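Novice: Chains as they are written, first to last, in my numbering: chain A, 2 to 110; chain B, 8 to 157.
Heads up, a few of these hints could be off.
What the hints assert, rightly or not - Negatives, chain A to chain B, calculated, CB over 12 angstroms: (1) A9; (2) H36; (3) R55.
What the hints assert, rightly or not - Footprint (simulated), chain B over chain A, 3 or more residues, beta carbon under 8 angstroms: (4) 70-82; (5) 85-98.
These are calculated hints, taken from the structure and not from any lab test.
All values reported here derive from a predicted model rather than from experimental measurement.
Just so you know, even glycine gets a beta-carbon here, dropped at the ideal spot from N, CA and C.
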Amino acid sequence: MPPTTDPALSALLRRADPAGSIEPLPPEGFAAAVHRRLRARASVSWWARLGLAREILPFASALTLVGALAGSGLAYAAQRSHTTTVHAAAYARSIDPWLMHGPALASLH
Amino acid sequence: MSRRLVLFLGLILLAGLVGYSLTHRLLPAPATDAEGRHRWLCDEFNLSPAQSARIDALQASYAPVCAGHCDAISRAHAAFDAATEATARTAALAELERLKILCTEATRAHLHAVAACMRPEQGARFLALMEPRVMHSESHTGAPALDGRP
Chain A
2 MPPTTDPALS ALLRRADPAG SIEPLPPEGF AAAVHRRLRA RASVSWWARL
52 GLAREILPFA SALTLVGALA GSGLAYAAQR SHTTTVHAAA YARSIDPWLM
102 HGPALASLH
Chain B
8 MSRRLVLFLG LILLAGLVGY SLTHRLLPAP ATDAEGRHRW LCDEFNLSPA
58 QSARIDALQA SYAPVCAGHC DAISRAHAAF DAATEATART AALAELERLK
108 ILCTEATRAH LHAVAACMRP EQGARFLALM EPRVMHSESH TGAPALDGRP
């Protein structure tokens, strides 16, 4: 049977019941069928209501993992750079008598 | 479709922020005691046990030189503080300047000796990291504890 609903109505039906069928409804009793579907939404399970979320869950999980790994990598690189700076300064202080004890000569003039 | 794109980008950003924050909190702070510095030197510049032992020997032989310079600086600083006349203060300042140059040269020589124990590319990286920190120019001089600079 050729589809009788136009794209706007198909979009309306999908928003009303994302997990539901959007098969074209017969012309006779069309309005009643739409009304039934909208009322049936109240009895649809949460799992069905989360149809959109179910669709994108695998992709969203992968994106979350990628984002978390990228964030961790950035934190590790920043910590590594900070560690190098701190250790280099500590090492310089341990071998340079002037860094340990030298006064700020500019302040003595 | 654009709403999904915004949602996905927001998800990546949020996950990235959480990952960054958790990693930053869980990583240990750098240990700057003698053992920590030794471990850092070995890890950062990929030292072999033989290279590490040679550098340890260099550090041990340099320690008395460093201590001697420390004493000289302390004496010169005390002389400066005790000086009341202008000529005495000038002489004490000249001595401090001399000691600054002496310390800089001695420390640079020690750094080059340490770098020579490493592989050439690691030695070059070591010098690039450390030499600027011991070059006491007029604009950056003095112990961190005294002038507040790192």
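Novice: Confirm or reject each hint.
Specialist: Structure-based check of each hint:
no.	hint	verdict
1	A9	holds (17 angstroms)
2	H36	holds (28 angstroms)
3	R55	holds (14 angstroms)
4	70-82	holds (count 9)
5	85-98	holds (count 13)
Against the hints set out earlier in the document, no violation occurs for any number.
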